[in-house]
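Heads up: the protein sequence lines correspond to chains A, B and C, in order.
Going letter by letter, the first sequence gives residues 5 to 374 in my numbering.
Going letter by letter, the second sequence gives residues 683 to 1010 in my numbering.
Going letter by letter, the third sequence gives residues 0 to 376 in my numbering.
Fair warning: there could be bad hints in the mix.
[To be verified] Reference listing, derived: stretches of chain B covered by chain C, where coverage requires no fewer than 3 residues with Cβ under 8 Å from a Cβ of chain C:
#1 688-701
#2 829-838
#3 951-960
#4 967-981
Bear in mind the hints are in silico, worked out from the structure with no lab data behind them.
Every value quoted in this text rests on a predicted model; they were computed, and no experiment measured them.
Backbone N, C-alpha and C fix where the C-beta goes; we use that ideal spot for every residue, glycine too.
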Amino acid sequence: MTQQTLEPLVEVENLRVEFDVRAGVVKAVDGLNMTIYRGRTLGVIGESGCGKSVTARAILNMIPKPGKITSGEIRYHRQAKHLRGENGHSTKTDVVTINELHPDGEVIRQIRGGEIGMIFQEPMSSLTPVYTAGTHIGEAVSLHRLSATKKVGDQIAANVAAARKVDRDEAREIAIEMLRKVGIPKPTERVDNYPHQLSGGQRQRVMIAVALSTEPSMLIADEPTTALDVSIEAQILDIMRELQGSVNMAIMFITHNLGVVANMAHEIVVMYMGKAVERATVSDLFYNPKHPYTQSLLKSIPRLGEKKTGERLASISGMVPDPFNLPTGCVFHPRCPAVMMGKCDKIAPSWTKVGEDHWVSCLLYEEVGA
Amino acid sequence: MLNFIVRRLLYAVLMIVVISFVSFVIIKLPPGDFLTQKLAQLRARGDRSAESQIETYRLRYGLDRPFLEQYTTWAVNFIQGDFGESFEYERPVRDLLGERVTMTIILGVATLVVVWALAIPLGVFSAVKQYSLGDQIITTLSFVGIGMPGFLLALLILYYAITVLNIEATGLFSAEYVEAPWSVGRVLDLLNHLWIPSLISAITGVGGLTRIMRGNLLDTLGQPFVEAARARGLTNTGVIWKHAVRIAINPLIVILGSEAIPGIIGGTGLVAVVLNLPTIFPLYIDSLRKLDMYMAGTCIVLIAMLTLVGNLLADLMLAWVDPRIRLE
Amino acid sequence: MAVAQQTLTVPKKKAQVSQSYWSLVWWKFRRNRVALFGGVILAVLYFSMGIVPEFVSPYLLERASNYTEAAPQQVHLFDESGAFRGPFVYGLERQIDTVKRTRVFVEDKAKIWPLGLFVQGDSYQLLGVIPTNIHLFGVVSDDPDAQFFIMGTDARGRDWFTRIIYGGRLSLLIGLLGQLMLLFFGTILGVASGYYGGAVDQVIQRSTEFLGAIPEIPLFMALAAAIPAFWSPIAVYFMLTLILSFVRWGGLARQVRGLILSLREREYVLAAKSAGASDARIMFRHLLPGTMSHVIVIATLAIPGMILAETALSWLGLGLRPPLTSWGVLLQDAATVRAIHTTPWELWTVPFILLTVLAYNMLGDGLRDALDPYGGR
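Extracted from the complex, chain A is given alone in its bound form:
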């Protein structure tokens, strides 16, 4: 298998996001490192509250108050075609530091929706109830897509992409086309439907259509199929994979469902309490998990035929710790089946390489002084 050169698209380095609430400060994301590569899917798994959704929003600089990025960097490698005013043929890439952008500024707004799209968990409540599917797509398109115009009499019209915003008829055409691409039957009718007239699966397809209508280089999918039936889920995942292939789009796929992520991702990052605990390719993670948390997660998936009747399901002992009272040392140690008391409760592990493209944050794999 040829290993293509992987181009980083979004690099998250040592990200810390804190929420200042009345009872104290919650470290939603606590020193996270991860990279999303162009054209590849990164799966992010973890329990509720582990910080995966916050990370997604951090990438778009959309963290709701009272949250703030307190340290670290998010670097986005912006491709030339998105740089306005530039000659469309250059291959220059520009690195934008997202966390330094003004949250309501021009640059981040170009990026949001235009270059990095996002789809959400609840398709019903993620679409504005009084706007049609077409209006949603039209809004995205008129914000971000430009159509080339040829200036009459312009000698170098072919090379200069004079941009003007898409007009209403064009937007509608694009909308219908997008709906067709995501597999919605009768798109010319559906484009004028309101969200409550569509089924759950259709709404999620509309969301995908909206996100993809601007031809972004990355899609952040925050639990996109959690609220859908299993059969619809399968269809949606198919569409996402297909579209990814056709436009070479990166996907950051957030979920807590191991089965889904196995299907979709090239690499997987496992998060716990705001930190990444393991990162590996899909096959490595599933066949050779290193971190005890990952191992426990995989063990807790019930498999048909494997267990004798009467045997209890495996689960991870203990509970997610109180965010205001985090354990010392390794955050996972109170629940860890392989805990080494004396070490794990005192020293925090660091990111260690344990194989080709396989990293763990666990003292079992680190050489540390006693």
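Please arrange chains B and C on chain A, whose structure you already have, making use of the hints.
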């Protein structure tokens, strides 16, 4: 859609008929009637022919006929535009009402416009900048507004006008325009005088509506589609106005129909009594006190009609604004 | 692998406080200073005007005097020579105001009437049983002419402050009573309507809808005007309260109905039904408590409306009439153009009304926030 309108109109007509009947009943409830009062008055003045005068009146107004007959006569005439005659003034009700109906509508509409023009922006600001100094000021003022009923405020302003400014406040026109025919000058004069009673009547409404807008918007801002809109790259203003406010405003339109319009009609009514404005209400109160049957009945029906029309318009607006209702 | 011990390094937490719904409500309410403030004001008003008006006011209600239409007396601390005398007022003497051509009362610096707290005055029976003659404040003097009219007098020489206090009793109580009646009937109607559905629902809904179509203010004006003039004042009072609440049953019934409809399908109702609970029991023991919090808020916030309605009605002459005294009746005297010219201090009634309304709104708003203890900050 048309179906909807026709149905509502028919319903409204039915309502009016029922209301007119019920009001007639209510007006007839107090023992005795206008004429018994008048009889007492005449007697008190020592008028010897009191009884025979009263008999003449009684016959003239048909007050000796059975109740149902009185009602139907009046109702049938009403539809033809004859609202009966006022006992007190001995002139056709229609003449006495004259322009008052128009004025009532104008005042009501003006108040409505003022309320909304103020409440929406204040409410939005208050929600977006929650807990800021501006929000706290607006919230406090809203409370004051809610607690300040129009007619009491009108009283205080009247007090101020009389004692401090030494003017006999108001009416809706300056002296020279009161009876004049419509002209540009008259319109301007009206606008000049209109804003005070409108503002007074609007204060309670603004207070209440601002709070409701604020509350609704706060709820809406937490909804996923707002975040989704922001994730598509809309400006903050775009997210707030095109998505959040657009949704948050729907319950307000419902309130418009069910509470705001009747409230405004009643509220402006009381203010009109205080400031002696040429609207229906002062005449209505008077007719109630004097048991001036046809006048009172006509007034109630007219007021009810205005309310029903207002309701209908509000419902229509809601259907236009919210497709979910439309498609039911 | 050995299963790790549950050695949490978390320090022992304080003992858990009760987290029941009502304790959360109370706790959240306590933190809302505005609401508490409103509650305190209302408590003071209801206590002073509702329960011990005779004590709080310096005079008895019907005590007329010769000091008709006297302006409020100014409280002084220092006399003309600059000596400190404690709080006092000067005597009043009659003069003719040549400009206004009326009789006015001006300060007679020759007479000094000291003021005090807990003074002796007219006799009355505290709470209806205890005979006493102590008043909260008043003049302390042997001079039988000594008077302290803190808010002036009316055309019959009655102390206006006293009239406000006594008037407050009726106004405040009408608000409360009317609301309780409203609550009672409206809730029952709403619960029945929501629970039974079908014909019962239709009938109730149609009739309340019809009533709702008639604009409120004109409706109860017409109804109030229908109260025969010769009925005794008490009868008029009750009839008025009934009318005020009757007009509004519909609104409350409709809201309760809505709540019931949403609760009716919940599992706990089905569970009760399958356990054999009777309709009445389900309605009152299961559904009603779920609506309670909303109903309380709606009711509290509607009381000022009721008070204002009575005020408006009485002021227009369609509600209470003398000898009954309510704030609306006081406004009858105070709100004429002539009165504003000659006795403007009678408008002191208005701030009291406004204060009551404001306090209720603060309280109601706080209740609303508190009754949703899981929302908000």
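(request) Confirm or reject the coverage of the stretch 829-838 of chain B by chain C under the rule of 3 or more residues with a beta carbon closer than 8 Å to the chain's beta carbons. (result) Holds: 7 residues of the stretch 829-838 of chain B have a Cβ under 8 Å from chain C.
(request) Can you take a look at whether the stretch 951-960 of chain B is actually covered by chain C? Rule is 3+ residues, C-beta closer than 8 Å. (result) holds (count 4)
(message) When I compare C-beta atoms, does the stretch 967-981 of chain B have three or more residues closer than 8 Å to chain C?
(response) holds (count 6)
(message) Taking 8 Å as the Cβ threshold, is the statement that the stretch 688-701 of chain B is covered by chain C upheld or broken by the three-residue rule?
(response) holds (count 3)
Hint violations for this structure: none, all hints satisfied.
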